[in-house]
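**Student:** In case you want the letters, here they are:
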Amino acid sequence: MKETQTIEKKDIKKQVTERISGSEAVVRCLLAEGVDILYGYPGGAIMPVYDELYKYQDKIHHVLTRHEQGATHAAQGYARISGKVGVAMATSGPGATNLVTGIADAQIDSTPMVCITGQVGSHLLGTDAFQETDIIGISTPVTKWNHQVTKASEIPEVLAKAFYIAKSGRPGPVLIDITKDAQFEEFDFKYEKCTGIRSYIPIPKTDVATLEAAAKLINEAKKPLVVWGQGIILSEAEAEFKAVIEKAGIPSAWTILGASAIPTSHPLNIGMVGMHGNYAPNVLTNQCDVLIAIGMRFDDRVTGNLETYAKQAKVIHFEIDPAEVDKNVKTEVAVLGDAKASLKALLPLLNENLHTEWLQKFKDLYKIEVEKVINGDLNPTKEGLTMGEVLKEINNQSKGKAAIVSDVGQHQMIACRYAEFNETKSNITSGGLGTMGFALPAAIGAKMAAPDRDVVAIIGDGGYQMTIQELGTIFQTKVPVKIVVLNNDFLGMVRQWQQLFFDKRYASTEIQNPNFVAIAEGYYIKAKKVTKREDLAAAVKEMMDCKEAYFLEVSVEKEGNVFPMIPTGASVSDIRLS
Amino acid sequence: MSQEKQLYTVSVYTENNIGLLNRISAIFQRRHINIESINSSVSEIEGVSRFTILVRITEEQMKKIIGQIEKQVEVIKAFYHTDDETIYQESCLFKVKSDLLFNERQIQNIIKESNARIVTVNKEFFVLEKSGRKSEIELLHRELSVFGILQFTRSGRISVTKEPMEISKMLKAFQQ
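Each protein sequence line maps, in turn, to chains D and F.
Per the numbering used here, residue 1 is the first one in the first sequence, and the count goes up by one each step.
Per the numbering used here, residue 1 is the first one in the second sequence, and the count goes up by one each step.
Please keep in mind that the hints were generated in silico from the structure rather than gathered at the bench.
Honestly, I wouldn't trust all of these hints.
Stated by the list, open to error - Not everything, but these chain F residues come out facing chain D in the computed CB check (under 7 Å): (1) GLU15; (2) GLY19; (3) ASN22; (4) ARG23; (5) LYS64; (6) GLY67; (7) LYS71.
Every residue gets a Cβ at the ideal spot worked out from N, C-alpha and C, and that includes glycine.
The task is simple: from the sequences and hints, build the whole structure.
**Tutor:** Spelled out as C-alpha cells, the structure:
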C-alpha cells in the first residue's frame with residue numbers, strides 16, 4: 001500500500017517537471033521570461049548553452065557581437081528603448097571580464113540587464129584553471145545582484161530571481177555564473193517566476209504625510225523648479241509627470257538620462273541641467289524657492305559644487321532608492337516610492353498655477369543662450385561644420401521621431417542639447433559611467449528592440465574606434481541602424497579641457513584616423529563622407545531614407561568647444577557661456 | 001549631524017549567502033574606510049546571519065553607508081549604534097611559557113585581577129582567555145608583555161543592542 005502511494009506521488013511529479021540538462025534549462029528559463037533575443041559570444045565554458053541555443057534558434061535569436069563588451073551595450077540599448085530586460089552571454093575568463101564595462105555602465109545608469117557567463121567545472125574552481133576568473137568577485141561592486149550556480153537544479157530559481165531583481169524597483173544588472181558541470185547535469189525542470197524575495201523591498205512604501213508635505217510646499221512655492229531624471233522613464237510615469245507639471249505650472253528641466261520623457265517643444269520643458277546643460281535651468285537652480293527632484297540622483301555633473309547648490313531652496317525628492325535620499329543634497333521632504341504612483345497621488349493635492357513671471361525668467365535667459373551659444377552652434381557662418389548643425393539637420397529629416405544613441409564626449413553633449421525628442425525613451429546614452437564605445441553596439445540593440453523606429457547613433461571619432469568591430473554585427477544581422485560619426489580628429493572633450501584648463505597642452509588627444517568610409521564599405525555598409533555645409537542636408541536625407549544600415553562621416557571643425565559649461569568645482573550659477 | 005568621527009557598531013542581518021561578506025566590505029572599501037573589526041555569525045533567527053562591523057567615521061558617512069548596505073538584495077536590515085547603546089565584548093587568547101607561571105609570582109596576581117581564565121596548562125606553555133572591553137584586554141596585554149608572550153590574538157567585537165531589533169517582525173512583514 002505504501003509503495004503504491006509513492007509511485008503515485010512520483011507520477012504526479014512527472015506531470016509538472018521534465019528531465020533536461022542545465023544548459024537546456026537556461027534557454028527554457030529565458031523563453032519563460034519572454035526573452036526572444038540575446039547578445040553574446042561563445043567560448044569553451046558556455047558551449048553547452050550555445051548548443052541548446054542552436055536547437056532553439058527558431059524561438060530565440062542569438063546575436064553574435066564582435067566583442068563581449070558589445071554584447072552588454074547592445075543588451076543595454078535593447079533595454080533602454082524597450083523597458084525590457086536585456087540579456088548578454090559570454091564564456092568564462094576573458095569573456096566574462098569583457099562584460100564588466102557594460103555591467104558597470106548598466107549599474108550606474110539603472111539599466112535592467114541579465115548577464116549569463118559560463119564558468120569552469122566546479123571541481124576546478126579556485127585552481128587557476130584555463131579561462132577561470134573569479135567573475136563573481138570581480139562583478140560584485142558593479143552588479144545589483146550576482147550568483148554562481150554549481151548545480152543544475154539551482155538554475156530555474158536563480159534565473160527567475162535574476163530577472164525579477166534586474167527589472168524590479170530601481171533596475172540594474174545581474175550576473176549569473178554557471179559552472180560547466182551544472183550545464184551538463186540533468187535534473188527535473190520546473191519553472192516558476194519570482195514574485196518576491198523576503199530581504200528585498202523593490203519599492204519602498206510611500207508615506208502619505210510626505211506627499212501632503214510635498215504638495216503643501218509646491219502649492220506655496222513662488223518659484224518652483226522641477227528637475228527630473230530617468231526615474232520618470234523607468235517607471236513609465238510620463239503622462240502622470242506631464243499632468244503634474246502642467247497643473248502646477250512648474251518649469252521643468254531634465255538630466256541627460258531623463259531627456260525625452262516629455263517632448264522638447266513642451267512649453268514647460270526648459271532644457272537640460274548640468275555641466276553642459278542649458279543656461280537658464282542652471283542659473284535659476286540657485287534662485288528657485290522649491291526644487292522638486294523626481295527620479296534623479298543629484299550626480300556631481302548635475303550639481304556642480306554642492307556647497308553652492310540650491311542652498312536657498314527647499315528640496316523635495318521623489319525617489320525609489322532610499323540610499324539616494326540625502327546622499328548629495330539635503331532634502332526638506334523625501335517622497336519614497338515609485339514615481340508613477342507618487343505623481344498620480346500628488347496630482348489631486350496640487351493647486352492649479354501658472355508661475356508666468358518665473359517662467360519668463362527662463363525664457364529671458366534662454367534668449368541670451370541663443371545669442372551667445374545656440375545660434376553659433378546651429379546656424380554657423382564660419383567655414384567649418386559644427387556638430388550642432390548636423391543634429392539640426394537630423395531633427396529636420398526625422399521630425400524629432402528618431403531615437404538618438406550617443407557615445408561619450410562633445411558630440412554627446414551636443415546631441416543631448418540639440419536633438420529634438422517627440423517620443424519617450426529616445427535618448428540612449430552612457431550617462432553615469434561615460435563609457436566611450438557605448439553607442440555603436442547600443443544602437444544595434446535599440447534598433448532590434450524597436451524595429452519600427454529610426455535609430456541614429458551619434459558618435460565621435462574616438463569612441464567609434466573603441467567598438468568599431470560591431471560593424472561586423474551590423475553587416476551580419478543587417479540591422480538598419482544609422483551611424484553618424486562627427487569627426488574632428490581629436491578626442492574633443494579632453495582637448496577642450498586641455499585648452500581651457502591645461503594651457504592648450506594637447507597631450508595625446510590628437511588622433512590620426514583611418515579612412516572610415518573604406519572601413520564601413522569593407523563591411524559592405526553604405527557609407528558617405530561630408531566635408532562641406534552644402535552637402536550636409538542631402539547626405540542626411542540619403543541616410544534617413546535608406547532602408548539599410550548607413551554610415552555617415554561628417555568632418556566638423558577641429559577645435560570646436562561645447563558651451564555653456566560649468567567648470568569642475570564651480571557653482572551651477574557660475575555657468576560659462578564662452 | 002555630527003561631523004566628528006566616532007566609533008560605530010554596525011549590525012547587519014542578512015541571508016546566509018556566499019559572497020555577501022565581499023559585497024558588504026566593498027561598500028566600506030569604496031569610500032576608503034578602514035574596518036576596525038568584523039565578525040560574522042549566525043543570529044537569533046534560523047538561516048539569518050549577523051555581521052558586526054566596527055568603524056570610526058562621521059554620522060553622516062554612517063547613514064549613507066547604512067543606506068547602501070540595506071540596498072543589497074540579500075540584506076534584511078542594517079543598524080548602527082554608539083557604544084552607549086550596546087553591550088559589547090571582545091575576546092582574546094594569550095599563549096605564555098609555563099615556567100613563568102611558577103617563577104613569576106606577579107603573573108598569578110595579574111591573572112586573578114584581570115579575571116582571565118586559564119584554558120589549558122602543559123609543561124611548555126599555558127593559554128589564557130580573557131573577554132571584555134578592548135581597554136581591559138589591552139591592559140592585560142601590556143602587563144603580560146613584560147614577561148613575554150608567545151602568541152596573542154584578539155577577536156572582533158561582538159555586541160547586542162539595548163533596544164530590541166525586531167528582525168522577526170520585519171521578516172514577517174516582508175512575507176506579507
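**Student:** With reference to the structure, classify each hint as holding or not holding.
**Tutor:** Evaluation of the provided hints:
no. : hint  : result
1   : GLU15 : holds (5 Å)
2   : GLY19 : holds (6 Å)
3   : ASN22 : holds (5 Å)
4   : ARG23 : holds (5 Å)
5   : LYS64 : holds (6 Å)
6   : GLY67 : holds (3 Å)
7   : LYS71 : holds (5 Å)
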